[in-house]
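Start from chain E and add chain R according to the hints.
The listed protein sequences correspond, in order, to chains E and R.
Going letter by letter, the first sequence gives residues 0 to 319 in numbering that gives the first Met the number 0.
Going letter by letter, the second sequence gives residues 0 to 406 in numbering that gives the first Met the number 0.
I should point out that these hints are in silico values taken from the structure, not numbers from a laboratory.
Any given hint might turn out to be false.
[Stated by the list, open to error] Beyond 12 Å from chain R on every Cβ pair, some chain E residues (computed): (1) Glu36; (2) Gln46; (3) Gln59; (4) Asp94; (5) Arg104; (6) Thr121; (7) Glu122; (8) Arg149; (9) Val167; (10) Glu171; (11) Ile178; (12) Lys259; (13) Gln297; (14) Ala299; (15) Glu301.
[To be verified] Covered stretches of chain E (chain R as the covering partner; in silico rule of three or more C-beta atoms under 8 Å from a C-beta of chain R): (16) 4-18; (17) 305-314.
[What the hints assert, rightly or not] Below, a list of computed lysine-lysine pairs in the DSSO-like style, where the Cα atoms sit at most 30 Å apart: (18) R:Lys97 - R:Lys85; (19) R:Lys85 - E:Lys259; (20) E:Lys126 - E:Lys96; (21) R:Lys38 - R:Lys27; (22) E:Lys96 - E:Lys106; (23) E:Lys43 - E:Lys16; (24) E:Lys240 - R:Lys102; (25) R:Lys85 - R:Lys102; (26) E:Lys309 - E:Lys240; (27) E:Lys240 - R:Lys38; (28) E:Lys309 - R:Lys27; (29) R:Lys27 - E:Lys259; (30) E:Lys106 - E:Lys259; (31) R:Lys90 - E:Lys240; (32) R:Lys97 - E:Lys259; (33) R:Lys102 - R:Lys90; (34) R:Lys38 - R:Lys102; (35) E:Lys106 - E:Lys240; (36) R:Lys97 - R:Lys27; (37) R:Lys27 - E:Lys240; (38) R:Lys27 - R:Lys85; (39) E:Lys259 - E:Lys240; (40) R:Lys38 - R:Lys97.
Since this is a predicted model, take the numbers as computed values, not measurements.
Every residue gets a Cβ at the ideal spot worked out from N, C-alpha and C, and that includes glycine.
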Amino acid sequence: MRSYLEFERPIAELENKILELRQLDGDGDGQVDIEEEVQRLQSKAHQLLNETYGELSPWQKTQVARHPHRPHFTDYVEALIEAFTPLAGDRAFADDKAMIGGIGRLKGRSVMILGQEKGADTEGRVKHNFGMARPEGYRKAIRLIRLADRFGLPVVTLVDTPGAYPGVSAEERGQAEAIARSTEACLDVGVPIISCIVGEGGSGGAVALASGNKVLMLEHAIYSVIMPEGCASILWRSAEKAQEAADALKLTAGHLLELKVIDAIVPEPVGGAHRDRDRAISAVGAAIDAAIDDFAGQTADEIRRHRRDKFLEIGRVGLA
Amino acid sequence: MNWLTNFVRPKIRALVRRKEVPDKLWIKCSDCGQMLHHKAVAEANFVCPECDHHMRLGARDRFKGLFDDGVFAELAVPAVPADPLKFRDSKRYVDRLKDTRAKTGQDDAVVVGRGRMGGHAAVVACQTFEFLGGSMGMAAGEAVIAAARAAIEDDAALIVVTAAGGARMQEGILSLMQMPRTTIAVQMAREAGLPYIVVLTDPTTGGVTASYAMLGDITIAEPGALIGFAGPRVIESTIREQLPDGFQRAEYLLEHGMIDMVVHRHELRETLVRIVGLLRNRDTRMSEVPDIEAADPEPVLPEPEIVEDDAVAVEAIPVESDVEAPDPEDDTVVEVTATDEGEAVDPPEAEPDDIEVPVAVEPVSGDETEVEVEPEAVVDEETPPVDPELEIPEPVAEDGAPKRPDA
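Chain E on its own, in the form it takes in the complex:
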């Protein structure tokens, strides 16, 4: 059963009609006119999907980025990484299931891959805390990034989080410090870090993993200093204004490429990554692999300098 977003209702109606017709056909005599009708409706639905997804508003993209069927970290790892060997724990307090990482092979090459996992169903979402990592999650990330550095493995980070977890225990254990040190670790190491925002890039909790040499972004992913609802409730004093806030924040891949905050956009299948997960996942895999290739033969110092210069230039170069 497909789940539709609010703005997809016209598409849903068409597709449901197609389903109904198919069912009718299933009991009956294979009437030719039904087949024709189905084809007509299908091409209409496809066209509508194309049009709708061709001009998604920032708020609609926010919903697509949060779509429950959108591929998550575990899906990427299953499809892209051979011999994945998860590594757990921060060696200080706990293992945070919101942040997963480990070593494995991406297209034959050993990499360290890590990122937030949101969970696929209710049970999974609770287990993974909706992709909101606690300090131990970021400290695990730091440990893995530094481990990769010692063995010269490229680091791949897949970012998908509404933000770092805001809670009493997280504060007590130094959420801010953990995030700061994670960003610092990304900027420290002499191996290439390739980040891809695959869903939600929520504020500091995202940047802690996304301070990479290359930052890629899926076409309908979002990346923002604050989620639209939060921004609306502070600046507009009403969470209802999230739509306006989403517009104002310029959080889409297109905007961020213009602002030179990201390096490239990975196109999604028509109708979003959740409609054709395999294609979306393999597009991300190919883009990451190509990005790692860009750093072949570079020394640790060159890689470090590249990353530093890249971030120092943001906002200084290419803005009106």
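Okay, now just chain R, sitting in the frame of chain E:
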């Protein structure tokens, strides 16, 4: 540089210069509610004489309490694109900025001063909460980077005094990018072997805490300061339960091992001087370390950057000369409402009387090139401090800490 900028502009500026209205004769302590004479409070470094509450203060007031004799040169910070997102909520961001600049006399939330502390070269970047909640946007990021570069140039200790709700929402992702950018600044200072000391003041939350504020070699907090990643309101609405007593206050963080020490503002300068001295005198036996006052017999103020180009408006002003013009007729009470529009990612609780000390000591115009500089002579001659009243109060430490390298 032409006659217009060189001659006419400063004069015009002098003419249109805002009069320092003596509307700050009295201020109310936001903690104990006591009405206090502004001058007394300023002399006490904006610590309430009644209840010891550490009030918020602007960058320039902070510098006066930190640098030797209150003498510092303000660093010119590279300009940043204005309003790259064309952001607008109930008000246009450019208008908000303009109003705040006029109100605070600062170009943006972070001001950088360079000078000497206990004879040691020091660069201090100070965040002013009154400037759009102290929020970190592109200008603040550039200021922190400029501070690190200046510290490297001067072989100086890098000190950052934080106060911010977080990142500046109105600059969207570009403000978020200041987290890695300021982190790079810290790394540069570290690679140069300079001490990086953070002083957390009330409040420090959000993206600021989650970047340079938590990367200090040594981390100090002022008493009672609210420090955290998520603001208390955000947490309360997430977990829907009562927050523990003293949650996210400086003392709570100390208890949980997140900071090195909580230091009273009256002892802050002495503490910083001692730490910098201890960290940087590693090749000298302690008994050989001269006392702080004589640590550097001929301290040379770093060349003020501002004279390098067409920056003409170098004003030599005696510190706080015209701030206090007590007008007996005017006993207006400063009632400043919390301007939390600028609060960003996770705004701290906004108490109605949140900001008690809106002091813009020097009415600096919006011109980026204009920087106030102390006359250099003050340092080399035996001239007493410009305003002796500004001497920070003697530290209460029993052993007269400024003279104790053997501590």
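- Regarding the assertion that Gln59 (chain E) does not contact chain R, is the least Cβ-Cβ distance greater than 12 Å? holds, 18 Å
- Message: Between the alpha carbons of Lys126 (chain E) and Lys96 (chain E), is the straight-line distance 30 Å or under?
- Response: Holds, at roughly 7 Å.
- Item | Pairwise hint evaluation, Lys106 (chain E) against Lys96 (chain E), where the allowed Cα distance is 30 Å at most | holds, 26 Å
- Task: Determine whether the non-interface label on Gln297 (chain E) survives the test: each CB of chain R must be over 12 Å from its CB.
- Result: At roughly 19 Å from the nearest Cβ of chain R, Gln297 (chain E) sits farther out than 12 Å, so the non-interface label holds.
- Take the C-alpha atoms of Lys27 (chain R) and Lys259 (chain E), compute the straight-line distance between them, and say whether it is at most 30 Å. violated, 46 Å
- Hinted pair Lys27 (chain R) and Lys240 (chain E), Cα distance within 30 Å: At roughly 36 Å apart (the allowed maximum being 30 Å), Lys240 (chain E) and Lys27 (chain R) break the hint.
- Starting from Lys90 (chain R), check that the Cα of Lys240 (chain E) is at most 30 Å away, please. Holds. Lys90 (chain R) to Lys240 (chain E) sits at ~15 Å (cutoff 30 Å).
- Within 30 Å, alpha carbon to alpha carbon, are Lys97 (chain R) and Lys85 (chain R)? holds, 14 Å
- Item | Arg149 (chain E) remote from chain R - nearest C-beta pair above 12 Å | holds, 19 Å
- Message: Is the claim that Ile178 (chain E) lies outside the interface with chain R correct, judged by CB distances over 12 Å?
- Response: violated, 4 Å
- Query: Between Lys106 (chain E) and Lys259 (chain E), is the straight-line Cα distance small enough, at 30 Å or below?
  - Reply: holds, 28 Å
- Query: Does the structure keep Lys309 (chain E) and Lys240 (chain E) at a Cα separation of 30 Å or less?
  - Reply: Roughly 34 Å between the alpha carbons, so the hint for Lys309 (chain E) and Lys240 (chain E) is violated.
When each numbered hint is compared with the structure, violations occur for hints 9, 10, 11, 12, 16, 26, 27, 28, 29, 35, 37 and 38.
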